[in-house]
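Chemist: Next come the chains, spelled out residue by residue.
Number of protein chains: 2
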Amino acid sequence: MKKDLIAKLQDGNSNILSNLISAVENGHAGKQYCELYPYSHDTVRVGITGPPGAGKSTLINQLITLIRNENKSVGIISVDPTSPFSGGAILGDRVRMNQHALDPDVFIRSMGSRGEMGGLARMTHQVADIIASSGKDIILVETIGVGQAEAEIIQNVDMTVVVLVPESGDDIQFMKSGPVEYGDLFVVNKADREGSSRVAAILRDYVSDAFEGQGYTPEILLSTATEGEGTSEIYKQCLGFINYLKESGNLKLRRRNQYLSRVRNNVRDELERRFWTENITGDIAELISDDDLRTYSPSETAQRLIPKEK
Amino acid sequence: MKKDLIAKLQDGNSNILSNLISAVENGHAGKQYCELYPYSHDTVRVGITGPPGAGKSTLINQLITLIRNENKSVGIISVDPTSPFSGGAILGDRVRMNQHALDPDVFIRSMGSRGEMGGLARMTHQVADIIASSGKDIILVETIGVGQAEAEIIQNVDMTVVVLVPESGDDIQFMKSGPVEYGDLFVVNKADREGSSRVAAILRDYVSDAFEGQGYTPEILLSTATEGEGTSEIYKQCLGFINYLKESGNLKLRRRNQYLSRVRNNVRDELERRFWTENITGDIAELISDDDLRTYSPSETAQRLIPKEK
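Top line first, the protein sequences correspond to chains A and B.
Residues -1 to 308 in this note's numbering are what the first sequence lists, from first letter to last.
Residues -1 to 308 in this note's numbering are what the second sequence lists, from first letter to last.
Treat the hints as calculated values from the structure; they're not laboratory data.
Any given hint could turn out to be false.
In this list, chains with the same sequence are indistinguishable; a pair is considered to hold if it fits within one copy or across any two.
[Claimed, not checked] Subject to a maximum C-alpha distance of 25 Å in a straight line, what follows is the list of computed SDA-like cross-link-like pairs (lysine to any residue):
| no. | residue 1 | residue 2 |
| --- | --- | --- |
| 1 | K29 | E298 |
| 2 | K306 | W274 |
| 3 | K306 | F273 |
| 4 | K29 | A5 |
| 5 | K234 | R252 |
| 6 | K306 | E270 |
| 7 | K29 | R292 |
| 8 | K244 | Y214 |
Only chain A is shown next, with the shape it has when bound in the complex:
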């Protein structure tokens, strides 16, 4: 049964893959997920992150072509509600993207942008594991990269490409506490517009500062993805960086740290699940009076609900 599932998945059966992902998203296929997990390690995972309108999906589209030209298979996970891959953005984009829709070696999945705290990130990791177990060579994960769930997502890929535009200059300070911090490669897209060299210069200052004394400094590339300009170089740099990660032992290290962080998050979820089913019977709202609310801080009330430490 287990071998069967893996065989069918790795045979490129997109329907099974799709249904399995839906089942896991709905909490109905935990066992199957765990069976597939050991087969998920050979796939390279690349995050493509940047603000809405930076041209991430156009770039991804070009990367898909480059990946397919090498006869490799690819999965795309989009966590950006404005992306044409998620059904957002304008019609033109969606049509352009769909050139790959009939290719059985291209699997595209979008994730809802909502969910409980942490739920979206954890679900995205599991979906990536399942797509990986189907034998795809590369997975591209598209996110806007702002916010904690987003950060948790791009911290769990092998490498991250940050896509900016010539107008991003003023926003880089802002994005330092987000996507920019996780960048292994920077792309200034729409580089035919004014300001691209300024943004590239700001990024060069940033990386030479932030990566001083480290084994590598992220490259900064210019592109005009709509014209396919600069995209081969981006793909080449991605492969080069992945190779560097493998050879330096950093890939193993990154994946180990990611695993530990995912375990911690799962522990938190499970502790919470058990607490609310075992310790609190009935509705929490009925346990807390208006007078409690005015008198005890939320942390005091939480302490009161949790059984005393031994």
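Keeping the supplied structure of chain A fixed, place chain B upon it in accordance with the hints.
Modeler: Quick look at chain B alone, frame taken from chain A:
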């Protein structure tokens, strides 16, 4: 001692307030925070949210003046790293903002933009409680409103003003899963620029749809905050909406739901804290081999670490 602290705080001693907030942020004043909490309920809390560059801090500056003209006191909490209130943005903004820096009835505090999952939001709530207990009439909370911590922050104010710009048209779809969803009042700032009427129309469509059959429909206002144009109307609408919340009983309901959500979050934090101190001795990394990592999914490993359910 308790009365002393409250008396000093409510006497307008900004140094004590500042030091107390720092102590709470560093985890050193949990007891004092709990003592102050019951005094935190009379303050109105207004979230000011929107993308970087929308003019939130300029608007806040104008609101401070309007609030002070009524001889009310005000606290500002900035969770936006690009805000001049947080020391970001450009010098001109910072100078403009500082016109209120010497006013003892204006207290400004910025929050770091980082922290563990959830940590920033929970800390922001506590800082707001402390500032409220000092007797400020109004607290304005400035955030960019994208991301889960940000969402948790603007879900814990009495009302939220969403500030957009004429160029925001294409981003509204994107922001629906963020700031726009929590808007009780919408402001199209920099309205002298092209596109403001289009954005206002998009927002009108959105609110008439999203708020159909509810007790109220959020207003959509135009402003040019740098010139003070439209800002009195914004302030007036805020006061009007708060009144509506009070009279309809919705304020009590909102605060109750917020309290329950804060309790749930505190329970989660505390369960996690106890688990890692009581159940796991030594480094989690040493408990997990490379073979485990390749074989067991993070959820399976988490289950293995947690003692069996009885």
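Chemist: Give a verdict on every hint.
Modeler: Hint check:
1. K29 with E298: between (38 Å within a copy, 10 Å between copies)
2. K306 with W274: both (16 Å within a copy, 16 Å between copies)
3. K306 with F273: Both, since 13 Å and 13 Å are each at most 25 Å.
4. K29 with A5: Cα proximity of K29 and A5: one copy only (17 Å, versus 59 Å across).
5. K234 with R252: Answer is within: at 21 Å inside a copy they meet the 25 Å cutoff, but 53 Å across does not.
6. K306 with E270: Result: close both inside a copy and across copies, 16 Å intra and 14 Å inter.
7. K29 with R292: between (45 Å within a copy, 16 Å between copies)
8. K244 with Y214: within (13 Å within a copy, 58 Å between copies)
Every hint from the earlier list agrees with this structure, and none is contradicted.
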